[in-house]
Amino acid sequence: MLELYSKNENITPITLFESLNSFSGEIGGISYISELVASGTSSSLIESYANIVKEKSNNRKVIKELQVALKSLTNGEKKYFDVVDCLQSSFINLGNKEKTVEDMDIILQNYLMILEKRLKGEDQGLTLKTGLSNLDNFIGGFERHNLNILAGRPSMGKSLVSLTMALNMAIKSNLKVAFFHLEMGQLPTVERILSNSATIPMKTLKTGKLKDDQWSRIVGACDKISKSNFHMFNDIYTLRSITAECKRIKFQKGLDVVFIDYLQLIEIGRLKENRNLDISFISRQLKLLAKELDITIVVLSQLSRAPESRSNHRPMLSDLRESGAIEQDADLVIFLYRDEYYNPDSEDKDLIEFIIGKHRNGTVGTVKMKWSGEYQSVGS
Numbered sequence: 080m081l082e083l084y085s086k087n088e089n090i091t092p093i094t095l096f097e098s099l100n101s102f103s104g105e106i107g108g109i110s111y112i113s114e115l116v117a118s119g120t121s122s123s124l125i126e127s128y129a130n131i132v133k134e135k136s137n138n139r140k141v142i143k144e145l146q147v148a149l150k151s152l153t154n155g156e157k158k159y160f161d162v163v164d165c166l167q168s169s170f171i172n173l174g175n176k177e178k179t180v181e182d183m184d185i186i187l188q189n190y191l192m193i194l195e196k197r198l199k200g201e202d203q204g205l206t207l208k209t210g211l212s213n214l215d216n217f218i219g220g221f222e223r224h225n226l227n228i229l230a231g232r233p234s235m236g237k238s239l240v241s242l243t244m245a246l247n248m249a250i251k252s253n254l255k256v257a258f259f260h261l262e263m264g265q266l267p268t269v270e271r272i273l274s275n276s277a278t279i280p281m282k283t284l285k286t287g288k289l290k291d292d293q294w295s296r297i298v299g300a301c302d303k304i305s306k307s308n309f310h311m312f313n314d315i316y317t318l319r320s321i322t323a324e325c326k327r328i329k330f331q332k333g334l335d336v337v338f339i340d341y342l343q344l345i346e347i348g349r350l351k352e353n354r355n356l357d358i359s360f361i362s363r364q365l366k367l368l369a370k371e372l373d374i375t376i377v378v379l380s381q382l383s384r385a386p387e388s389r390s391n392h393r394p395m396l397s398d399l400r401e402s403g404a405i406e407q408d409a410d411l412v413i414f415l416y417r418d419e420y421y422n423p424d425s426e427d428k429d430l431i432e433f434i435i436g437k438h439r440n441g442t443v444g445t446v447k448m449k450w451s452g453e454y455q456s457v458g459s
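Take the sequence shown: its position 60, counted from the start at 1, is 139 in my numbering, and no numbers get skipped.
In case anyone wonders, no lab produced these hints; they're calculated from the structure.
As the structure is a prediction and not an experimental result, all values here were calculated from the model.
Some hints here could point you the wrong way.
DSBU-like cross-link-like pairs, simulated, lysine-lysine; straight-line CA separation at most 30 Å [as the list claims (entries may be wrong)]: (1) Lys-306 with Lys-370; (2) Lys-196 with Lys-428; (3) Lys-288 with Lys-370; (4) Lys-290 with Lys-306; (5) Lys-199 with Lys-370; (6) Lys-140 with Lys-158; (7) Lys-196 with Lys-303; (8) Lys-290 with Lys-196; (9) Lys-133 with Lys-447.
Okay, the calculated beta carbon distance ranges per label pair [as the list claims (entries may be wrong)]: (10) Gly-155 with Gly-264: 52 to 62 Å; (11) Ile-193 with Thr-286: 42 to 52 Å; (12) Asn-138 with Leu-194: 23 to 33 Å; (13) Val-132 with Leu-152: 27 to 37 Å; (14) Leu-149 with Asp-291: 31 to 41 Å; (15) Tyr-190 with Pro-267: 42 to 52 Å; (16) Lys-447 with Leu-145: 53 to 63 Å; (17) Ser-388 with Lys-447: 41 to 51 Å.
Cβ coordinates follow ideal geometry from the N, Cα and C atoms, glycine included.
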């Protein structure tokens, strides 16, 4: 028994009999060993037996899901992408720990542990830093399960800011990031990324007239990005496809953050009879997806033309385009504003404002940072 214990093996009549096989007859054989076990308790094996039961149960659940999927495909009841989506959700849920009702004292104890980690600066993974220090200091970073809206009028820097955040999170914080770029093609997106990462003017990349040191910076930036967990998609437009891809990445590689550029370009595969209802449906589904996958989602959004007609062009919550459901579902709403766009002689030239219009778990206010359109960069 000591030998079995030292090997970290379960002690059962079978394993004990096998280890004593050479002289088991002298001690009465397996029947006598079984009698000894039956006369005592076997509480030490409860966990082992419970794990076996749980594994068998999960196996049956997987088999059942596959049988249902096969039947749906054979009978033509569902399209293949619907079946794949259902299977992904089922397997992700099966892989998660079973949800249990927790006592309030346990919930509070867990929170105290989180608070202690934050105090020690060890909260990475609890709040996800954007890498823009002024903004992170104000909002604390993005939180898992949250839907975050990054909104602004055209030319305010939505795509640039989101790419900067995504690269910071993937390269500096080693987070797993997926970026869905619905507006621009692959080439202009890559040019923005490299202009930002290698600190090279966009016009230089477009002409290709690079100096030796710029070439080395480009190569270095490409190496860093390729080794990071940054995934970029330029040819996925439907909510179903975005959802399926997020689940696939989460299941296969892990996923922390999703960026979508931008909300109004997401299609849901039906006639656009009422775009307000469509946007409401999309925002709600993205919120639920963030909770299901234990990730944070950052969605870019257009604004209505209302800011153009006001003397103060800074946006507000009522400017969110097409649906009040965006404001309702979002945990955090950040508006981007560059005063020099409207006022060329502005005192805030080369500055971008992050206007926090809604913060479910914090305060609202404005954070200013440096802006460079030439180098496609934004920073504190």
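Hint check:
{"no.": "1", "hint": "Lys-306 with Lys-370", "result": "holds (28 Å)"}
{"no.": "2", "hint": "Lys-196 with Lys-428", "result": "violated (39 Å)"}
{"no.": "3", "hint": "Lys-288 with Lys-370", "result": "violated (46 Å)"}
{"no.": "4", "hint": "Lys-290 with Lys-306", "result": "holds (25 Å)"}
{"no.": "5", "hint": "Lys-199 with Lys-370", "result": "holds (26 Å)"}
{"no.": "6", "hint": "Lys-140 with Lys-158", "result": "holds (22 Å)"}
{"no.": "7", "hint": "Lys-196 with Lys-303", "result": "holds (29 Å)"}
{"no.": "8", "hint": "Lys-290 with Lys-196", "result": "violated (46 Å)"}
{"no.": "9", "hint": "Lys-133 with Lys-447", "result": "violated (53 Å)"}
{"no.": "10", "hint": "Gly-155 with Gly-264: 52 to 62 Å", "result": "violated (36 Å)"}
{"no.": "11", "hint": "Ile-193 with Thr-286: 42 to 52 Å", "result": "holds (50 Å)"}
{"no.": "12", "hint": "Asn-138 with Leu-194: 23 to 33 Å", "result": "violated (40 Å)"}
{"no.": "13", "hint": "Val-132 with Leu-152: 27 to 37 Å", "result": "holds (31 Å)"}
{"no.": "14", "hint": "Leu-149 with Asp-291: 31 to 41 Å", "result": "violated (59 Å)"}
{"no.": "15", "hint": "Tyr-190 with Pro-267: 42 to 52 Å", "result": "holds (44 Å)"}
{"no.": "16", "hint": "Lys-447 with Leu-145: 53 to 63 Å", "result": "holds (55 Å)"}
{"no.": "17", "hint": "Ser-388 with Lys-447: 41 to 51 Å", "result": "violated (25 Å)"}
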